[in-house]
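Colleague: Let the sequences and hints guide you as you build the complete structure.
Residue numbers (the working numbering), protein chains in the order written: chain C, 1 to 351; chain W, 352 to 702; chain G, 703 to 1053; chain L, 1054 to 1404.
Hint data in this document are derived by calculation from the structure and do not stem from the laboratory.
Relax, there's no trap hidden among the hints.
Here are some of the chain W residues that sit facing chain C, going by a computed Cβ distance under 7 angstroms:
1) 360
2) 368
3) 382
4) 416
5) 449
6) 450
7) 565
8) 583
9) 587
10) 594
11) 597
Far from chain G by the CB rule (all over 12 angstroms, computed), these chain L residues:
12) 1105
13) 1107
14) 1142
15) 1165
16) 1189
17) 1221
18) 1222
19) 1223
20) 1276
21) 1281
22) 1332
23) 1342
24) 1355
25) 1391
26) 1394
The beta carbon of each residue, even a glycine, is placed where N, CA and C say it ideally should be.
Protein chains: 4
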Amino acid sequence: MDQSNSQSTLFRSDNVTAACPEVMDAIVAANSGGAASYGADRWSARLEKTLSGIFETEVAVFPVVTGTASNALALSALTPSFGKIYCHELAHINTDECGAPELFTGGAKLIPMRGAHVRIDAEGLASAIQGRGNVHHAQPSTLSITQASEGGTVYAVAEIAAIAEVARAHGLKIHMDGARFANALATLGASPADMTWKAGVDVLSFGGTKNGCLAAEAIVFFDPAAAEGFPFLRKRAGQLLSKMRFVSAQLEAYLSDGVWLRNARHANAMAARLSAGLASQEGVELAYPTQSNEVFVRLEEAIVARLKAAGFDVNGDELDGSAARFVTSWNTAPDDVERLLAAAAGPPGDT
Amino acid sequence: MDQSNSQSTLFRSDNVTAACPEVMDAIVAANSGGAASYGADRWSARLEKTLSGIFETEVAVFPVVTGTASNALALSALTPSFGKIYCHELAHINTDECGAPELFTGGAKLIPMRGAHVRIDAEGLASAIQGRGNVHHAQPSTLSITQASEGGTVYAVAEIAAIAEVARAHGLKIHMDGARFANALATLGASPADMTWKAGVDVLSFGGTKNGCLAAEAIVFFDPAAAEGFPFLRKRAGQLLSKMRFVSAQLEAYLSDGVWLRNARHANAMAARLSAGLASQEGVELAYPTQSNEVFVRLEEAIVARLKAAGFDVNGDELDGSAARFVTSWNTAPDDVERLLAAAAGPPGDT
Amino acid sequence: MDQSNSQSTLFRSDNVTAACPEVMDAIVAANSGGAASYGADRWSARLEKTLSGIFETEVAVFPVVTGTASNALALSALTPSFGKIYCHELAHINTDECGAPELFTGGAKLIPMRGAHVRIDAEGLASAIQGRGNVHHAQPSTLSITQASEGGTVYAVAEIAAIAEVARAHGLKIHMDGARFANALATLGASPADMTWKAGVDVLSFGGTKNGCLAAEAIVFFDPAAAEGFPFLRKRAGQLLSKMRFVSAQLEAYLSDGVWLRNARHANAMAARLSAGLASQEGVELAYPTQSNEVFVRLEEAIVARLKAAGFDVNGDELDGSAARFVTSWNTAPDDVERLLAAAAGPPGDT
Amino acid sequence: MDQSNSQSTLFRSDNVTAACPEVMDAIVAANSGGAASYGADRWSARLEKTLSGIFETEVAVFPVVTGTASNALALSALTPSFGKIYCHELAHINTDECGAPELFTGGAKLIPMRGAHVRIDAEGLASAIQGRGNVHHAQPSTLSITQASEGGTVYAVAEIAAIAEVARAHGLKIHMDGARFANALATLGASPADMTWKAGVDVLSFGGTKNGCLAAEAIVFFDPAAAEGFPFLRKRAGQLLSKMRFVSAQLEAYLSDGVWLRNARHANAMAARLSAGLASQEGVELAYPTQSNEVFVRLEEAIVARLKAAGFDVNGDELDGSAARFVTSWNTAPDDVERLLAAAAGPPGDT
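Modeller: Now the structure itself:
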């Protein structure tokens, strides 16, 4: 059932939003005249340069249109068919991609790990890596971490580096699912380089769709030489759009004039306000610290009932089945946050 | 190298063009407010109804963003991993998708067939189908035909029915690659139903991108019950866009007010003029009859040289390696056609 | 390094043993004259009848030569590429087949579950099954249990039925890894029918190699109609031997005159003696109850040292990394058991 | 229907035969005591040394049990998932393996080529290789030739070298399907090294089963370093037998005392006699020159009828659908050849 434009989509996800004006303007502007197809256009060429600048190193960039494709394709570039991919048990690649990583890697095996606040840690990774050289075991190949994580938490740069060090010591390649990369970056105030390749990341799935793009993600190789066969992997996965200029143009606008970070900061600020407001209420417990644009809370039944009565969607089936998730985005209105808080609180004197 | 906006992209392909105004307007209009994600939006719901009307039967519709994904996913719904898919040796699925059908079907085998004018025929199909029940052979499973074909030719409705009858008699399912479906339909003046399910087609890859959309294709099941597991196949292939409304909105605009057929008729008319003009010149031989929006010609060296000197791209490496291809589109200017013809003819008195 | 024929292979596994005489005699006897290839021979035809008799229902039988192939192929017959397979986290299919299930299913996802004594239980399964109908999640499809389990424990028939009931209620198909099927059967004293299809099992990987065969496993479908496409799956997996008579002949001999159960009872008896003997010593703790032909014990360092000094292999890296595993087989000599016990105990008075 | 031990299996294939005595004796001899499993046994270690001696270079050897697995696994070591494998259109990998190469390579595309006498030639290969670097095309990766070919013909060493030179020039790896390697070698009188790596072959599927083994094939890497990941590919394909000694022991016996070449020479001689005898009759036309142990003939209806009346199997559906195939083997009796010739000729005076 379509719930478009209604209140119920508020806070449901950051993919129910429209594209931000700068991105939409860029799409319209790109729609003029002919352009070489399949990524041989000027928008795509500029995008690679722009990202090389942002990451302070020459990168190879492959735009695609879904986060699932971005993650699964990135993993397929790093992992042999007989490989193991270590990730958090609540990682999007493990729970929400319907087996795309398995398809695109030719059958690699995801090894779900536990870890507090939907993050893995170096010690946990070290003890999970097993079986190298044992012909009966899928072979340790790849680590995938999500920044910001599926729990809305963020790895500190030093934490990434520590995990990556363990991974490297065991010969693993390192993938970062950056569906909410900008949100994490805004939280840390780190440089894109520090949060990725300088900390050990090999390939980044750089997200745009959740933070203001219409449908635009980019797979970023920090070692362009490692991308040698990747154009063929992307093509055979059906992700080489003929009119690629329209994807690259989105990302170009997204990365221009600080749009991406401005959008992310706004979403983060709205989440911080929402989180603080909820946490101050009786009957609300934060499931994880709020460090980006997702708020996970455990709610008393009465609060759930009040929120639903007020028309809010309370999707308590997310992640571990108990916490409700509220997501803010680039265009979340402060008033909507306040209305949700008020609805949760109930009428004055109502306790 | 980017050749955007220059003359060289003229006639190179129908995917170097911009989106038509009606489609772009629809994208902009859809960019307002929140909408349920992953296809649970009102544009997607309406699109399914619209296509059911156009095809005069209830259909199940799955929008995706590339023709390669559309074809490979459709085939994966029809073909077991141990199946054979019969197609023309120059079929897009066989030559231009970098193995996507093999990936998405889990390793099915394409059986390339020869046939005049890049079309297969019933007799050829009947003799090619072999091995049913023989455990050593991949099993005959699926027929795929392209309408309009990769040679710019069009199957008559009766020809489709005849081929499909052979296919059915051998237990095959039937897929139609309709990347240029509208162009073929405009040529035949047939009804969409007659050209598809009434002639025996099970699943259609309905194209929009080459005829005015930005990036929009739809996989159409004429038996919705056969699509039971298909949502999962699409998702794991990375083709379930979160902001699906923007794909469905394109197709909705494309199918409204006759936009799709108007675009196709224009492209076809331009191709007909180009074809007739070229065929009347010395040193030009039509490789195939021109029946949609693609013109294939064998050209004398001198003509190729003149065209290149005039800035036209002559991509003689298409298809069988000898014919040059010129493609018209929804926005081909009559003047551009005349300029190409003039360039091919050379200065008056120059023979 | 080859350790053949030396003491160190004793108790290391039940696959270090030779084939039992009855099986070897049958191979030699089958090696006379021509025989139709690829399973169209008389041994294979008889085997299917024999197993139909043993299981008290008409079964479809597909001999293969490794347990890995047997499991992975059976799963591929039950699970779509977008499916989830529930199993114990220490299941052979999850830990010791280097991704074969992922390969043969086209990328299905194994969902590792915890459970005491390397068995899963109905409650655990019920809570683990999630995501049906959610397009983002791989779909619950198959349950796989191992009988006897990888911990040497055995499911009671009622336990299988209880787990299977949960599985059925959620629409799952049920696979049994019976690499040590005979050992479990001997323990329970149940009928083969009761332990399988009457309890809900759809497809059984029936093991022979570990209990006296040279290389012979059989995939058994309790609903022959469900095996319709399976001959092609087996062939394309490279498991359709041309001289299949030699595999079928092994299984025929194995199932004749009670060889299989006699072998299993002997192995179980040796394991019981070994288990009791070890458990009675100081510094030894059984990791799991000994219910078939595998003994898992946690050993004090001094005992490990004594065993190694006596030439025994102590493979403490099995399963959960702490328990040592000792496996008995059809030809384990009682004296060897006593020698191991003596070595573990050390010289009299040595504590 | 089982036709075992009857006349009808004569000449039907070289896989309807028993194992030769030397091989069977070796199996029986290996069945003594324990041995390390999964190929860590002394038979397997010796086999690698033996084959290194035979090929005059250090090789890496991986025994498996079917030709289909041997071919498909070898190809999977040489070909990326987006690769093209060039082969003759009647190659076993293309027609008789039910898609195993596609499965094991993760979806690589076989490019069937035509060529006289079921052999490809250097010119044909050179013109077939297309699309390198074009992202839309599966990428030229591997050449596979069959020695002796599926038509019973044999490539001269110089022909292999010429084809391989073209392949190398285009960056292809080279696989040889040697299901009947010994037969070809016996025909040419060449050295194993000359017929393989010295002519450019990278990986050989070395056959044993058709020439006296029970079920034994070996994948031979002429560059052991190229086999780095191969143990995992073999394991996950279900081809790592636990009691591998029994496969290696077969090949060891097969390669000892000239058994393999003696068997092959006998089969070849029987085929030569059969071929000459048939060719001298009216109404018989050789489809291909007889150069190994397979005779392909086109037969008048009357001759087919006489052969069938005499109880011989005439499998005219082999290969190109018109030629009948008669296969000799290590134990073909000269009398059987004469009986077939007599049956084909009919009673004296009967023309």
